Amino acid sequence: MNSSDSTGTPILVTGLSGNLGQHLAPHFKDHLRVGMDLFPPKVDHPRVEFHSLDLSTPEAPAVVEAVLRESGARQVVHLAFVLDPMRTGALSHPRQWEINVRGTAHLLEGVERVNRDQRLVEHFLYPSSVTSYGPHLPGPVREDHPQRPHTYTYALHKMETEQLCRARFPALNGCALTIVRGHIFLGPGVDNFIVTALRGRPNPRTALGRWLRRHQFRLPFLLPRGDLYGGLYQFMHIEDAARLLHWLCRHYQPGELRILNAQGRGEPVTGEQVARLAGVPLFRLPSYKLVGLLYRLFWWMGVSPVPPESFPYFAGSYVMNTERLEHLLGEEYPKIIRHTAEKALRSIADQESAGGG
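Numbers given in this note's numbering equal positions in the sequence shown, counted from 1, plus 4.
If you are wondering where the hints come from, they were derived from the structure by calculation, not from laboratory data. Please read these numbers as outputs of a predicted model, since none were measured by experiment. Do not rely on the hints blindly, as some may be mistaken.
Beta-carbon label-pair distances, calculated as ranges [said to hold, decoys possible]:
no.	residue 1	residue 2	range
1	Gly283	Pro174	21 to 29 Å
2	Pro98	Pro338	38 to 46 Å
3	Asp148	Arg288	49 to 57 Å
4	Arg117	Arg288	52 to 60 Å
5	Ser56	Phe173	24 to 32 Å
Backbone N, C-alpha and C fix where the C-beta goes; we use that ideal spot for every residue, glycine too.
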């Protein structure tokens with residue numbers, strides 16, 4: 005695959021202020037980084053042009069078009085998405101849909117407008133999620149495996165926005181589209197309810213949760229009994245994710261649609277390993293329903309940071325086949341995907357020891 009001749013050209017990044025955006029930004033130090041987000045990014049570099057914009061608003065497509073034309077951005081990296089409702093303040097499902105799905109539609113519409121008469125934007129890169137496949141997978145699934153998410157709003161919206169990207173692809177006038185289905189990101193600076201739960205830390209946003217934190221209470225990792233719920237997880241280090249997105253921005257072909265699975269190298273980790281490496285107790289309970297009931301109860305009490313709708317993913321097992329990505333990267337694969345799932349998970353304990361909890 006030929007590298008695109010895009011060295012130094014401006015790149016528009018939505019969600020530049022988020023966890024992945026902060027890790028991705030240094031890789032584009034030679035580019036003008038045009039950021040779109042609700043909050044300014046903490047990027048100490050002169051070549052950052054920031055636009056405060058809610059992509060869900062009616063005027064967003066016109067604003068995106070104007071920014072793309074004025075900046076001359078040749079690529080769009082779409083990171084803006086609600087993973088942790090409590091952290092972002094988007095608590096209702098309708099508001100999450102507006103930000104996630106309508107925002108993506110408006111961004112695509114802006115690119116369509118810019119490319120209507122002449123292809124100015126050459127590449128649209130969208131990180132999706134392993135959760136879009138669903139919480140109980142039969143084994144390492146390939147990119148053609150059916151997407152069957154349920155209950156978890158984030159996963160449902162990832163599937164819907166993926167479908168939206170593919171549906172609008174023909175109207176992008178030869179703009180390449182890359183969709184990366186990444187596993188759960190862990191590593192320095194990552195702060196969301198998943199990381200909080202893996203550390204066994206109570207909910208920091210409720211009075212009871214804060215009281216339990218002050219008294220050093222640790223929440224256990226709960227799984228049902230039985231081989232069906234052994235749990236297999238293939239976490240991805242956020243620095244690997246940033247390196248991969250940077251590589252993909254340098255290697256694309258006009259008019260090409262690519263869908264890629266991405267996760268940590270090596271073997272997946274089990275539920276037992278998750279608990280041991282994260283330093284939390286593991287409790288095996290008699291039934292799936294009982295574990296789900298406790299997740300709902302702990303959420304309702306303000307003890308747990310885990311929304312009950314995401315429980316199937318904590319109790320499930322999901323691993324992807326990454327042969328397509330490995331073939332694409334070739335000898336560069338181990339240079340880009342450097343961490344195993346276990347090493348990514350160990351970063352949770354390392355941050356806890358360093359006082360990052």
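Evaluation of the provided hints:
Distance hint check: the CB atoms of Gly283 and Pro174 are about 50 Å apart, inconsistent with the given range 21 to 29 Å. Between Pro98 and Pro338 the CB atoms are about 43 Å apart, so this pair conforms to the stated range of 38 to 46 Å. Remark: the range hint 49 to 57 Å for Asp148 to Arg288 is contradicted by a beta-carbon distance near 34 Å. In this structure, Arg117 and Arg288 meet the distance hint of 52 to 60 Å, their C-beta atoms being roughly 54 Å apart.
For the pair Ser56 and Phe173, the beta carbons lie near 28 Å from each other, so the given range of 24 to 32 Å is met.
The structure fails to meet hints 1 and 3 from the earlier list, while all remaining hints are met.
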